[in-house]
Each structure stands twice: as C-alpha cells, then as structure tokens.
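Participant: Let the hints inform the model, and build the full structure from the sequences given.
Number of protein chains: 2
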Amino acid sequence: MDSVETPFGRADDALGGSAVFFAAAASLLHPVQIVGVVGKDYPMDALHRLSRRQVDLSGVTVADGESFRWAGKYGFDLSTRDTLETRLGVFANFKPQIPAAFRDTEFVFLGNIDPELQLDVLNQVKRPKFVACDTMNYWIQGKRTALLKLLEHVDCLMVNDSEIRELSGDWHIHRAARWVIERGPQYVVIKKGEHGAVLVGGGKVFYVPAFPLEDVFDPTGAGDAFAGGFMAHLARADALSDRHLRLAMVYGSAMGSFAVERFSIQRFDEITPADVTTRVQSYRDLVHFELDTP
Amino acid sequence: MDSVETPFGRADDALGGSAVFFAAAASLLHPVQIVGVVGKDYPMDALHRLSRRQVDLSGVTVADGESFRWAGKYGFDLSTRDTLETRLGVFANFKPQIPAAFRDTEFVFLGNIDPELQLDVLNQVKRPKFVACDTMNYWIQGKRTALLKLLEHVDCLMVNDSEIRELSGDWHIHRAARWVIERGPQYVVIKKGEHGAVLVGGGKVFYVPAFPLEDVFDPTGAGDAFAGGFMAHLARADALSDRHLRLAMVYGSAMGSFAVERFSIQRFDEITPADVTTRVQSYRDLVHFELDTP
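Top to bottom, those sequences are chains A and B. Using this note's numbering, read the first sequence as starting at 515 and increasing by one per residue. Using this note's numbering, read the second sequence as starting at 515 and increasing by one per residue.
No lab work stands behind these hints, which were simulated from the structure alone. Keep in mind that a hint or two might mislead.
For chains that are exact copies, the list does not tell them apart, and a pair is met inside one copy or across any two.
What the hints assert, rightly or not - Lysine-lysine pairs mimicking DSS-like chemistry, simulated, CA-CA at most 30 Å apart:
| id | residue 1 | residue 2 |
| --- | --- | --- |
| 1 | K609 | K640 |
| 2 | K554 | K718 |
| 3 | K663 | K609 |
| 4 | K587 | K706 |
| 5 | K718 | K663 |
| 6 | K718 | K706 |
| 7 | K663 | K554 |
| 8 | K643 | K663 |
| 9 | K643 | K587 |
| 10 | K643 | K554 |
| 11 | K554 | K706 |
Facilitator: Here is the structure:
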C-alpha cells in the first residue's frame, strides 16, 4: 500500500506495488497471473476488482501481519521523490511459491525484489519464452553477485537510467546497455521518465518518447505499468520479432502515461482497450517522419 | 573563439560561435549568408575554408580589437559546464548591418544576441518566409521586454529546456511551449541535449531523439549546428509543411550529433552531404514502428 504526496494532492494507503500496477496495465491487453504477498490488513475487495479483468489472483498469499507499506513525497517537478517510510511487513519473509497452474507461463516478468528470490521464481517456471526482470539500486549495491547471476538467465533487463548507470559503472547509457548485454540479457529497456524509454538489443536501438501529457499527477507505478504494457503486448502477439518488440515499447510507454494521470491504479479502472489503442496510435504522429523521396 | 576542456581533451582558441557552427552545418545542405563580427586577431584563413562550401562571408565585419572569446570546462558526463571566461571584445559594440545582397533572404535565423539587435536585424530583411530565433538565460533575465517584443515577430523560437522553463516560468515544457506560442511564434523547438528535441506547433508535437553516439567528444555548438540543419532543410525544400518541419527536426538533430563528435567544427570538414543523408536515414530506424494491422 502506498501513501503518496504530490504537488497536486495526496493518497493514503492506496493500492500500490509492482504487481498491482503491472497487472492493472497488462490486463487491458492480455490475461495476467500474479504472485505476491499481502497482510491481513489488505483491502482485498479493491484487489479483487482486478480479477474481473483477466487477472488471476490465485498466486497472492494473505499472510499474518501487516502489508508492505511505502510512503513518499514528490518534488514540484515530479522528477525527484523522497521516501518517507518503508515498512516491509509480511514482505520481509516472502518466499514466492509459484502455483502449479502458473508454471507453464511463457512470458514472465520478475518484479523488483531480492535477486535471489527472482532466480528462485524463475527456477519454478518450466520453459518460458521470454523473461524480463526489474531491479533497483538497493539490490545493485547489496546483492550484486546474485543480480549478475540472475542476468545470465533473463532475456531482458528493464531498469531506469540511474539504475543502469550504477549497475554498469558507466554514465553513458548505450555503453551501459552493452555492458549488460555482455552479461546475459539479449535486450535492455531503459526507462527515462519524462525523457521516454529506449530498447537496446539485437544490434538495434529503438526510442519511444514519453507521451506529452497536459498534467502528470503521480509518477508512482509508471515503470511497472510500462512493464505490464510491454510484456502483455509480447504475450498477446506471441512474438519476439523486432516489429513486436518496438510495438511493445510503445504499449509500455502508453501504459506508463496512463498510470501517471491519477493516483494509484485509478486510471486503469477508467480506460478501455480502445483507449489504449487510441493512445498507441497517437505515438505514431509523435515520432514518424517521411524521408525525402530519392 | 572557444577554448574548451572536456574529459577527453582540450582545444584552445578554436573556431567557435553561433554563426560558425550554424554555417558549417547548414552549408552541407544549402547556401548560407552569415552576418557577424570578428577582431583583427581572428584566423580568417580558417573562416574562409567555409566560403569554399556555399558560405557567403561578405556580412562578416573585421573590427579593430579582440575577437569574442569564450572558455568553458565540461563535467564528466558532459551535461554540465562551467564558463571559465567570457571576453566580449569587438562583440560589445556590434550593431549588425545586413548587406544589401542579403536583404531578400527568405529563411532567417537570428543567433543568440541582445533581442533588440535581433529585432533590428529582422527589420533590415525585406519579407522573410520563416524566421527563427535563439536566445539565452542572460537575455531572458536582463532584456525580457525586448525579447517578448521580438517573439511577436518570429515564426519559431528555438531554445533549450532550461531556457523555455525560465522564460515561461513553467517547468512543464509543453505548457511552456504553449505559453510561447500565445506570444507570437507559431512553432517552438526545444533542444534537450542527450534527451533529443521536440517541435511544438500547428496543434502537433514531434519528437526526435538524440542520435545514440558511441562517444560524445565536445557538446559546444550542438545547438547552433541543430539550427543550421533545421533552417537549411526548410530553405532547401522551400516548404513549411508538417512533413518538412519534421524532416527539418531530423536534419537538425543529425547536425547536432555530428557537431559533438569532434572539437569545434572539425567534423563538418570531414563529412559530405551523403554522410548527412545516411545519418538522417538511420534516425528512421531509431523511432519508426508499425501499428498492429486492424
């Protein structure tokens, strides 16, 4: 549960967390199975609203104790935030068990958690076609060896620019991406907030800008919503071609843009798959140009 | 003349200045007429190399005194720089006189100088089709009234992100662009360095990323080279359509990417129009995607 303060308002104990944002976004495109843990204090009714929309919650454990809580406050331009509080609660002893019915999943996203647990989750999945993982500075500093081992087993690392700089020790994000690719993943997605996102891999680079929103309300969860859109497009297309990886980036960026328009996952309650299609189409106009006729 | 120190080396008293970078880039696409002032100490031989490539230097005055000098040092990631020295020299008393032969020019770029002088230059040109201007924080703070008056007479303001934020008082660059558009210009180009550039106007937004260079050597002059590519494409196409404004953004970005690959205007001595075409084509691969078939 997140308590968030932005220059535009505040939300207390709102639905939050990687899996929730991921699922709220992804389920607009494709069925989702989530694995996670909540405490007895969790507003399960709110979570169950997701199950009305292709989200299988049978991998969510309700454990004795308090739910994970994060509280943060954003600066006036929303590009910086201070963490006011982090209470692990039941998350501290979480050891994900993948339900038998989930083990054939072909598209797997490993949310931001201890890389040892990410690898443990991956070992419980039979033969995924495509595995992407997130991480954060905390693990880059504290569990570097485990994280590097995990990278040998994933197809795509999805991080923000400061994370890949810290991981690789190189401020230049394209060199940093190649550093990661030499360590296992075929692809790297670098999320740059208001500056868009970039996919590096397969000898190519693909950029997608951030959608030029009139108002950004709350950046929390944008990265996880991005991951949801990205993975759901690939799963739905059941394809890993250059064409579909590019489109997955655009779906990811579109979902990130919806996430920031309201607190929590509110915006995903309001929109339909048709709204997603409309936004994805409008990205085309943002970046496409025609070369001179020869 | 610029003296520049970057993490990769240094250059002393190298050819520099807005008009020089603009002309070096633009002349790869279209003839250029430049107006400016240098001191008796200026290396005119180096400047005359430009005249071999469609640059008309008859508007350059050689005045008694020292040339304008700037010295700066960039931080390790090249995104910050300290000005070590600025000596105005003959620039202090510069009052641009547009040669009679230049007064029919249809595409006019007003480099970064006192906005009163920019307006004075504009008044000397007969009936331009398209006028773009640059400015900087120094004028935004010190000559705000004159700058706002100038904006009523130009078609396009071309600035960086920090400048448009300061000018409009709004950190949100899309709102800031609209603020500018309400004051005269139809278009705003916002240069964001490593984060690319954006064109706002005509009810549209168009993004172009920065080219993913292996090595950025010296960022000095990238913005002026961008302006050179942008204006030269429009002049060459003799068109202001959405299609050509987009292409102009890509030519601008390509020229900016060449500028930063070497000190001063060195790179523009090495490349040909065919190299520019190749780079512009490679932008297509950076951003293009195909929508789902319906």
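Participant: Each hint needs a verdict: does it hold in this structure or not?
Facilitator: Here is what the structure says about each hint:
Only within a single protomer do K609 and K640 lie at most 30 Å apart by alpha-carbon distance; the minimum there is 18 Å, versus 75 Å between protomers. For the identical chains of this complex, K554 and K718 are neighbours neither inside a copy (47 Å) nor across copies (49 Å), given an alpha-carbon limit of 30 Å. Taking the shortest Cα distances, K663 and K609 sit within 30 Å of each other inside one copy (19 Å), while across copies they are farther apart (65 Å). When the C-alpha separation of K587 and K706 is checked against a cutoff of 30 Å, the pair qualifies both within a copy, at 19 Å, and between copies, at 26 Å.
In this assembly of identical chains, K718 and K663 lie within 30 Å of each other by CA distance solely inside one copy; the values are 25 Å within and 46 Å between copies. Taking CA atoms no more than 30 Å apart as the test, K718 paired with K706 passes in both settings, with 18 Å inside one copy and 22 Å between copies. Taking CA atoms no more than 30 Å apart as the test, K663 paired with K554 passes in neither setting, with 34 Å inside one copy and 64 Å between copies. Taking the shortest alpha-carbon separations for K643 and K663, only the intra-copy value of 19 Å comes in at or below 30 Å, while the best inter-copy value is 60 Å.
Within a single copy, K643 and K587 get their C-alpha atoms no closer than 38 Å, and across copies no closer than 49 Å, so neither meets the 30 Å cut-off. With identical chains, the CA atoms of K643 and K554 are never at most 30 Å apart, being 35 Å at best within one copy and 69 Å at best between copies. Taking the shortest alpha-carbon separations for K554 and K706, neither the intra-copy value of 36 Å nor the inter-copy value of 47 Å comes in at or below 30 Å.
Hints 2, 7, 9, 10 and 11 from the earlier list are contradicted by this structure; the remaining hints agree with it.
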